[in-house]
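Enquirer: Sequence:
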Amino acid sequence: MKTMIWICLILLLSGCVTQKQLEELGLVTAVGYDNEDGMLKGSIIYYEFDPLHPNNTKMVTSLAHTSKGVRQKENLASSRRLVSGQLRVAIYGEELAKGGIISIIDTLSRDSEVGTMSYLAVSKPQAYDLLQLSQESEDVTNAGTFLYDLITQNVEADSLLSPTLHEFMQCYYSEGRDPVLPLLNFKDGTIIIEGISLFQEDKVVGQIDSSDSFYLKLLLDPFEAGSTEIILPKEKVKEFILTNNNKQKESVYISLDHLRSDTDIKLQEKQTPTFSIKIKVKTRMQEISENYDLGNPVAIKKMEEAIGKDMEQHLIQVLNKSKEMGADPIGFGNYYRAEVGYDSFSKEEWKEHYQNAEFKVKIDVEILRTGVMD
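Once you know that position 95 of the sequence shown is 81 in my numbering, the rest is easy, because the numbers rise by one and skip nothing.
You may find that some hints are simply not true.
[Said to hold, decoys possible] Here are the in silico distance ranges between beta carbons for each label pair:
(1) E310 <-> K59: 39 to 45 Å
(2) T260 <-> Q58: 23 to 29 Å
(3) T229 <-> E325: 49 to 55 Å
(4) I217 <-> K333: 34 to 40 Å
(5) I217 <-> K252: 26 to 32 Å
(6) D350 <-> A211: 17 to 23 Å
[As the list claims (entries may be wrong)] When the alpha-carbon atoms are kept at most 30 Å apart in a straight line, the in silico BS3-like pairs for lysine-lysine are as follows:
(7) K203 <-> K268
(8) K235 <-> K224
(9) K266 <-> K110
(10) K348 <-> K256
(11) K224 <-> K288
(12) K173 <-> K235
(13) K307 <-> K333
(14) K222 <-> K287
(15) K252 <-> K309
(16) K220 <-> K266
(17) K110 <-> K220
(18) K309 <-> K268
(19) K256 <-> K235
(20) K268 <-> K220
(21) K27 <-> K110
(22) K264 <-> K333
(23) K222 <-> K256
Quick caveat, the hints were computed from the structure, so don't treat them as lab data. Where a beta carbon is used, it is the ideal one built from N, C-alpha and C, also for glycine.
Work out the full structure: start from the sequences and follow the hints.
Expert: In structure tokens form, the structure reads like this:
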């Protein structure tokens, strides 16, 4: 008897669920937002399931005052009901992002169909143009999937901080840290990750180059298998260069991979916020542009010290550049709040203190293997 009751309840509950036939739906994989004449311009890429046309994607654009209004108009222009359960990436035009985008992102985060692991990104050109280029490319069958894969493989390669919806919202609502997102652009007809957009709260205030994003990740997310290229003045290590292969060049180019890191950040001084940053880096030298004495332990030690000093200088430059923009992507405000106490911390006061912040950086590099002498 109990079994029959349970079966009836299951049948009754299943009858209450709205049935969605796949053939009747437009599966949204990418959305883009821009400013246009004081209104919000929304663009979507959606996939239509059709056994006869397996790569059937379409693009729809509309204007409204809100993202919900945009979606309503996009539905009016589609023969399928648009659903967001397969959303892979949301793109925000840089001009729009400079004015603040939390209202749009908050609406996205409240959509029960959208997963919090969807990626967010900023577009140097209009988001519409970026999606349009992806849609027209012969090599791209689905713009949403292409952009998602572009970001994913760079995140997995330790080249990029993960820009998920969840992580953006977490940083935004943090009292002492600002979000960052990848900055997309065109290059030779191809979409690339040009750099990192820095935010102050929900507004884009500037950018750093993709090469400099290495130093943000060095502080925020310990490397497990990272890679980078270091350019050293030849003068720093010339005594251990066996033969000068590139006499015209004044620099030595070094490729590091299998890079692992461990970072320790502490507040040393409260009055003028002074942060001690100690980083240990273990790596392999994959390639070097000169015939260097890799079999000499003294030469390796000299190289480790030179690389460490170079990293320190670049890291301080990135931190000072972020500070000048008013962006705190590392979350120094959180370290400051932990020391002064939550009750004594004010976000507005921290913005003023942050402009006077100083950074003492020490990076110890250990080259475990040279890739040549093993």
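Enquirer: All the hints need checking, so say for each whether the structure fits it.
Expert: Each hint tested on the structure:
1. Distance hint for E310 and K59: a CB-CB separation of about 41 Å, consistent with the stated range 39 to 45 Å.
2. Between T260 and Q58 the beta carbon distance is about 52 Å. The supplied range of 23 to 29 Å is therefore violated.
3. Taking the beta carbon of each, T229 and E325 are about 53 Å apart, inside 49 to 55 Å as hinted.
4. Hint check: I217 to K333, Cβ distance near 38 Å, so the stated range 34 to 40 Å holds.
5. The hint said 26 to 32 Å for the Cβ distance between I217 and K252, and at roughly 30 Å that hint holds.
6. Checked against the given bound of 17 to 23 Å, the beta carbons of D350 and A211, roughly 19 Å apart, stay inside it.
7. The suggested pairing of K203 with K268 holds, with an alpha-carbon distance near 15 Å, which does not exceed 30 Å.
8. For the hint linking K235 to K224, the alpha-carbon distance of about 12 Å falls within 30 Å, and the restraint holds.
9. Taking the CA atoms of K266 and K110, the gap is about 35 Å. The hint is violated against a cut of 30 Å.
10. The suggested pairing of K348 with K256 holds, with an alpha-carbon distance near 20 Å, which does not exceed 30 Å.
11. Taking the CA atoms of K224 and K288, the gap is about 10 Å. The hint holds against a cut of 30 Å.
12. Annotation: proposed proximity of K173 to K235 holds, straight-line Cα distance about 28 Å (limit 30 Å).
13. Taking the CA atoms of K307 and K333, the gap is near 20 Å; set against the 30 Å cutoff, the hint holds.
14. With a C-alpha separation of about 12 Å, the suggested pair K222 and K287 falls inside the 30 Å cut-off, and the hint holds.
15. For the hint pairing K252 with K309, the CA-to-CA distance comes to about 17 Å; that is within 30 Å, so the pair holds.
16. Of the supplied pair hints, the one linking K220 and K266 holds, its CA atoms being roughly 24 Å apart against a limit of 30 Å.
17. Using a Cα cut-off of 30 Å, the hinted pair K110 and K220 is violated, with the two alpha carbons roughly 36 Å apart.
18. With a C-alpha separation of about 28 Å, the suggested pairing of K309 with K268 holds against the 30 Å cut-off.
19. For the suggested pair K256 and K235, the alpha carbons sit about 45 Å apart, so the restraint of at most 30 Å is broken.
20. Under the criterion of a C-alpha separation no larger than 30 Å, the hint pairing K268 with K220 is consistent with the structure, at around 22 Å.
21. Annotation: proposed proximity of K27 to K110 holds, straight-line Cα distance about 16 Å (limit 30 Å).
22. With a C-alpha separation of about 26 Å, the suggested pair K264 and K333 falls inside the 30 Å cut-off, and the hint holds.
23. For the hint linking K222 to K256, the alpha-carbon distance of about 36 Å lies beyond 30 Å, and the restraint is violated.
Of the numbered hints stated above, those contradicted by the structure are hints 2, 9, 17, 19, 23, listed in ascending order.
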